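Student: Chains P and R supply the protein sequences, listed in that same order. Position 188 of the first sequence, counting from 1, maps to 188 under the numbering used here, and the rest follow consecutively. Just so we're on the same page, the numbering used here is the position in the second sequence counted from 1, plus 414.
Worth flagging that the hints you see were computed from the coordinates, not collected in a lab. Just so you know, these numbers come straight off a predicted model, no measurement behind them. Treat each hint with caution, since some may be false.
[What the hints assert, rightly or not] Between beta-carbon pairs, the in silico distance windows are: (1) Ala652/R with Glu193/P: 35 to 41 Å; (2) Asp408/P with Lys463/R: 51 to 57 Å; (3) Arg69/P with Thr557/R: 26 to 32 Å; (4) Ile291/P with Asn427/R: 52 to 58 Å; (5) Gly195/P with Pro812/R: 34 to 40 Å.
[Claimed, not checked] Partial list, computed: chain P residues near chain R (C-beta under 8 Å): (6) His37; (7) Leu60; (8) Tyr79; (9) Ile81; (10) Leu113; (11) Gly115; (12) Trp117; (13) Val119; (14) Thr122; (15) Ile123; (16) Tyr126; (17) Asp228; (18) Ser234; (19) Arg235; (20) Ala238; (21) Ile343.
Even for Gly, the Cβ is constructed at its ideal location relative to N, Cα and C.
There are 2 protein chains.
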Amino acid sequence: MRSDLDRLMEENNLDAFIVAGGEEFNTVRYYLSNGAHITHGTIFKVRGKDALLVCNRMELEEAQKSGLRVATDVELGYYDIFAKAEGNAQKATALFWSKILSDEGLDKGRVGLYGTWQVNLTIALYDMLFEEVDEYDFVAETTPTLFDKAMLTKDADEIRRIKSVAERTSAVMQEAWDYISGLTADGDYLVNEDGEKVTIGDIKMLVRRELMARGLEDTGMIFAQGRDAGFPHSRGEADMPLQLGKSIVFDLFPRELGGGYHHDMTRTWCIGYAPVEVQAIYDTVMEAFDISVETYGLNKPTHLMQEAVLDYFESKGHPTTRSDPKTMEGYIHSLGHGVGIDIHERPSISHVRRDDVFEVGNAVTIEPGLYYPDRGMGVRVEDFFIVEESGELISITPFRKDLVIPIDGVTRSE
Amino acid sequence: MRSDLDRLMEENNLDAFIVAGGEEFNTVRYYLSNGAHITHGTIFKVRGKDALLVCNRMELEEAQKSGLRVATDVELGYYDIFAKAEGNAQKATALFWSKILSDEGLDKGRVGLYGTWQVNLTIALYDMLFEEVDEYDFVAETTPTLFDKAMLTKDADEIRRIKSVAERTSAVMQEAWDYISGLTADGDYLVNEDGEKVTIGDIKMLVRRELMARGLEDTGMIFAQGRDAGFPHSRGEADMPLQLGKSIVFDLFPRELGGGYHHDMTRTWCIGYAPVEVQAIYDTVMEAFDISVETYGLNKPTHLMQEAVLDYFESKGHPTTRSDPKTMEGYIHSLGHGVGIDIHERPSISHVRRDDVFEVGNAVTIEPGLYYPDRGMGVRVEDFFIVEESGELISITPFRKDLVIPIDGVTRSE
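Extracted from the complex, chain P is given alone in its bound form (with noise of 0.2 Å):
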């Protein structure tokens, strides 16, 4: 977590780090600023200090929200040596930032480069730092890097938030199907009390709206029916109306308005009735599932988890990336993974990512999954899971897992 920082920057043997970044939204810089609206900060953190926000004079006010020591551009003089770098923008930053870095007391040594940044502009002041800057050797980690590592666990603050937007996120659901359920069946459609065809964009849009109401905002959620729901990463196509009898992966995972946490939870569900096929491989699914949360324990790899569920995949004659890595179905994607202020974070529940155990502050999914879109249809279940001070691993999705939305008058089944 956040205290751990300098205690893993030893760990990650790194004297400093610098956060940079434009106008994107920028998690690390988010991580460590409190959700202050910048953008055009960049944090500078010496180990064994408090961190250094320096910002553009426009955003003085902003970026004294952070909580962190501030300081503006013109008054380290930043324009100064904008100038005798003959207006070279790359060149002023790289001067500017060994300035601060010397400034905050440090005269040599290994600096973490993190942040979100355009490709073209991380390089050429990477280039730059090279060329102009002998003092310090710049870093780039790859994962596990030294904020994979902190986030990988979440302290009491970061956990009263995530569960604020979990209790919201499943209100927001029951607000979906209390709506689909209130709906009439005309043919194989379901009909709103104008008699108009509801459609996956209706749907989303009343989603959107609750959110919004709950103070949440949505990042890009799925609702998918029949063969879009064999693809695990299709949206769901907005002109397509509600069908009786499709299975429908609904994947929600919303984040406090403005960036911030987000919670993750999938259902499917079929609106009145399920086919036989479908509720075939949702028991598997479910099963799955319960697998899952029975292979846990504290300190316990987390691969293991997705073994067990590979296992059982395979022993019900489901093809899985491990038995087959080029397969388009069955299970195609990991068991779960860490969700913070990025929707994927570690921990990684995966067979191909063996580093990571469970450890208490871990803030993960478990979402088993089954996909054949050549058959028309995919079922994923998602609850998200806390583990507890007490070694637990307690889910924080109260949401019901029923797959049928009953529909008045409807009982077919196939």
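Keeping the supplied structure of chain P fixed, place chain R upon it in accordance with the hints.
Tutor: What follows is chain R alone, placed relative to chain P:
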């Protein structure tokens, strides 16, 4: 515009480009792929050929919405290369990219790198490309890049979308105006029909709801009152109650829901009445606004427009970043900027960036402002303009520019 890409690649001496990135919103990827919701796609384009989008198998359905040629990493052999790279993801990616460029018919040459990504991953991959791939020179452009140049002018479809966002944004600003003008004064504050003080947070929530109802999303609006209005990028405090007679800077720059084209406009409001001091700088800013528009000329350097405004503000005794580069008050930003998928694009209307000229297809803001935080006020007025086929500069922001929102029974002035 997009159709100029091959010509601009030649102009910038690029044989190919690659657009990389992860789950971050990726402006260039959006620009090239018709806004398809891809989180793991990489785009390759060799000059003179159509672009190729290489996606993860889970995203095949979404990727096909891009209108580009699409291939999955599975079918192009990524997993075979990954196995040979002994699990080193950077090495595997470097070799995979090299193979794709070769498959696309490019044996050697200059390859521009673009996109939005984590800083550390970008650098780690760049280092690996340098180490493992000899055939290509990988190029990191600085501004104006290939895409800065392409996005400098918008095509008919982009302008149609921007104009639609402009109309909807103005309608939302009207909703905010109407709501505020219907409030009741209670001492210095404004109360709703339940007698509760109305806050900035209430107004922002109303605005977000009205945006969403029109298929738009907020990207961090500014609604800053009093001293906060004196800092150009202060977002405003949600808990602050609306007050009579304070300058309020309301800068609204939403985009199409889920990412897309923006509109950008600002109004300054005083509720009930305008203090003499605010009215005075407001009149000065409006004069600067009119001078800007009068200074416009097709093919004329944009910096001349900023300089006309600097001359005027300085003649009225206001400090500027030209008269004092370190000033924290007066006129402390550039006059305008292009807007599109990003909120800040080329052309710049600045005295520092001097290489842009007004061209047909520019979509650009004009936004003079004056800021005096220590006197508790700031003023900015911003319209959004298109340089039409005729060469005329046309505002697409029809919303009224009144300073004062009248409140029943309030006639006071200072």
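Student: Provide an ascending list of the numbers of those earlier hints which the structure does not satisfy.
Tutor: 9, 20
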